[in-house]
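Protein chains: 6
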Amino acid sequence: MIYITRKEHFNAAHKLYNPKWSDEKNNEVFGKCSNPNWHGHNYNLYVTVKGSVNSDTGYSVNLKELSLIIRTYVTDKLDHKNLNLDVPFMQGLMPSTENVAIAIWKELLPYINALDCQLHSIKLYETENNYVEYFGGE
Amino acid sequence: MIYITRKEHFNAAHKLYNPKWSDEKNNEVFGKCSNPNWHGHNYNLYVTVKGSVNSDTGYSVNLKELSLIIRTYVTDKLDHKNLNLDVPFMQGLMPSTENVAIAIWKELLPYINALDCQLHSIKLYETENNYVEYFGGE
Amino acid sequence: MIYITRKEHFNAAHKLYNPKWSDEKNNEVFGKCSNPNWHGHNYNLYVTVKGSVNSDTGYSVNLKELSLIIRTYVTDKLDHKNLNLDVPFMQGLMPSTENVAIAIWKELLPYINALDCQLHSIKLYETENNYVEYFGGE
Amino acid sequence: MIYITRKEHFNAAHKLYNPKWSDEKNNEVFGKCSNPNWHGHNYNLYVTVKGSVNSDTGYSVNLKELSLIIRTYVTDKLDHKNLNLDVPFMQGLMPSTENVAIAIWKELLPYINALDCQLHSIKLYETENNYVEYFGGE
Amino acid sequence: MIYITRKEHFNAAHKLYNPKWSDEKNNEVFGKCSNPNWHGHNYNLYVTVKGSVNSDTGYSVNLKELSLIIRTYVTDKLDHKNLNLDVPFMQGLMPSTENVAIAIWKELLPYINALDCQLHSIKLYETENNYVEYFGGE
Amino acid sequence: MIYITRKEHFNAAHKLYNPKWSDEKNNEVFGKCSNPNWHGHNYNLYVTVKGSVNSDTGYSVNLKELSLIIRTYVTDKLDHKNLNLDVPFMQGLMPSTENVAIAIWKELLPYINALDCQLHSIKLYETENNYVEYFGGE
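Chains as they are written, first to last, in my numbering: chain E, 1 to 138; chain S, 1 to 138; chain G, 1 to 138; chain A, 1 to 138; chain X, 1 to 138; chain W, 1 to 138.
Check each hint, because a few of them may be wrong.
Since the list gives no way to pick one copy over another, a pair counts as held whenever it fits inside one copy or between any two copies.
To be verified - When the alpha-carbon atoms are kept at most 20 Å apart in a straight line, the in silico EDC-like pairs for lysine to aspartate or glutamate are as follows: (1) Lys7 - Glu65; (2) Lys123 - Glu133; (3) Lys32 - Glu8; (4) Lys50 - Glu8; (5) Lys106 - Asp76; (6) Lys64 - Asp76; (7) Lys7 - Asp79.
Worth flagging that the hints you see were computed from the coordinates, not collected in a lab.
Only chain E is shown next, with the shape it has when bound in the complex:
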């Protein structure tokens, strides 16, 4: 069993704002992240899959295929978008780094399962100082 990781990236706008709360409460909890006119980030995404090594190729997964899956089903849908408004698989979700990572896991899982390997983790950097890692499960 070996773990292999592909890095992709996307640049997006978002805001953290709970419509059930007052502006004051939103500002208290989310601070400047609740700016009504949005802000944005260069996100770096690391997708890790695990599998055994194929003796003909030396590959656990073909990274060209993995990269194409990530770009087609995830980063092409997030890049240069508004995470609150533009992304079907983020509808109704607060676009915190945690929720974006979990949504990416759910989008990728069926496509990774169709390959001869398993999805191990989604690591998502919002800035170079903040990142989350999700391994599936509740």
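Add chains S, G, A, X and W to chain E, keeping to what the hints say.
Then chains S, G, A, X and W, alone, in the frame of chain E:
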């Protein structure tokens, strides 16, 4: 004469869209950067000043002071903001990396001139693959 | 369950020197790290906590709070200090990267436990080529 | 128990080409990586060992010794070499990142076992966008 | 006048070997870089152009166009290639970082001149510790 | 004419303290950098030389020689040292980044002049947020 540089950063939303043009023309020129619902970046800003070395301090400029000037007059006004909507010194400007860098130069110049050194350059990274550098002048 | 990480940093002096040993033995074991007049590093600290996602905020932990805890109880006490002489929670400890990481874990644990999440790991870079990771326990 | 990591690097040429297959099949599977005249990479290698902290040194392992072992038995044999042609411990192996990482694990294991710690993982970056991690076992 | 830079990359094999010299002389001058079976690098290329800012776009150059030019005429011809054997515009040149940078300048110059800006510099990293910068001229 | 740069590094302790001043004045000017028990940094040093390309080697300078000069005359004398106490060529100088960069220029100049190239600049990073660049002269 020695050159000293301070790095600061800000995270902001923007779009590149010329209201004099049709959506098609905007999309042709700016591509996905013209998304009406915005996108965003983690910007890295490098401010370089030049001066002579003070024999009592070994400093050409006190970086605590330089950092405070950059944050007070520039990055605090850009961070977690929308560059098209929220920033007084960007009003009426297309928020391309070029125009943001030039606007930062203009904001900083009087404050740097009040120190015992000269503003040499503004280097602004929009992504790790794209940056501009401005040295003043036309 | 999701894992979230905050990066902070501090710049400090230290030396590795065991007073029970001769200078020769110290030099043999610690090499140039035993220089009696100290040397120093820019340390990068990554604190990872795990928790579930709050449905109102999308947060597993509020990173503003986590960052404030790390700075107040750890990095403000280490930054621009001598790890052998100046830091109450390092007294009597050889300031190896291992021991600094373990001491940071012990300092942070009660404050993280008071949040609605668990401390998962302390990752401490002494240089870009050397780092330790501690997950608690003996 | 604490985990400590040492980074080393090497620059090497390789190609991915299965001699049992036609050129067309090789190109289909490996793409431009099958270029008959080779290509190459700057590889970054992270070796992680785990152990307990020695109370006299504060060390779990002496990184000077660990670095010397990695360079002597691994990176000196890979640096400025052709991974298909020049490396005794890669003979007969497709030099995919997976296989290079596993081969490095096998080379290092007896030397790490002779220290007072255990080999935990080999993390090998082929590019900044692609890396594998191996923890031993089948 | 403003300077704008686009980063691209390529991975290639090469060796430094002067056929007019003996193996001993080649080894004396080029060391392990003269390995007959090649070695390789992940090269990072920074192309800087200068121009004035267009008031309709805020651009000095359209980076999509600049990137396409660099990839079409330079990096697509270098990526996953052997710099001694595979690259028409490197024929007869020792593939030192200096000569690769100068050859890239010559390839790009007519295409940049056809844009409304000037080629300012080619910066080429062979490793993170070694890079050259070329500004044209003799 | 081409410019080539070699990166080296050193880890050192220092403090910024002017003995002609009171502790209060030192704290006012230098802040936490005046901590009497020292602090330290991982310094990154970039030495740039310029020259023409030798047609036999493709080199403007042999980087093995340049690296050896930098390490022998500069970084071996700074690494794991106290910049206020241990370094002959820093005696009597406030070890600000500016003064360390200028002192390195003076140490290297005769050795670079003995090669077939010219010293162009010394760029010294104290942290990833602060660096100075010196081109010689007053």
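Hints and how they fare:
Taking the shortest alpha-carbon separations for Lys7 and Glu65, only the intra-copy value of 13 Å comes in at or below 20 Å, while the best inter-copy value is 25 Å. With identical chains, the CA atoms of Lys123 and Glu133 are at most 20 Å apart both within one copy (4 Å) and between copies (15 Å). Taking CA atoms no more than 20 Å apart as the test, Lys32 paired with Glu8 passes between copies only; the shortest distance there is 17 Å, against 27 Å inside one copy. Taking identical chains as interchangeable, the C-alpha atoms of Lys50 and Glu8 lie at most 20 Å apart only when both belong to the same chain, with a minimum of 18 Å there against 24 Å between chains.
Proximity of Lys106 and Asp76 under a CA criterion of 20 Å is satisfied intra-copy only: 16 Å inside one chain copy versus 35 Å between copies. In the homo-oligomer, the alpha carbons of Lys64 and Asp76 lie at most 20 Å apart both inside one protomer (16 Å) and across protomers (17 Å), since each shortest distance falls under that limit. For the identical chains of this complex, Lys7 and Asp79 are neighbours both inside a copy (14 Å) and across copies (19 Å), given an alpha-carbon limit of 20 Å.
This entry satisfies every hint, going by the numbered hints stated previously.
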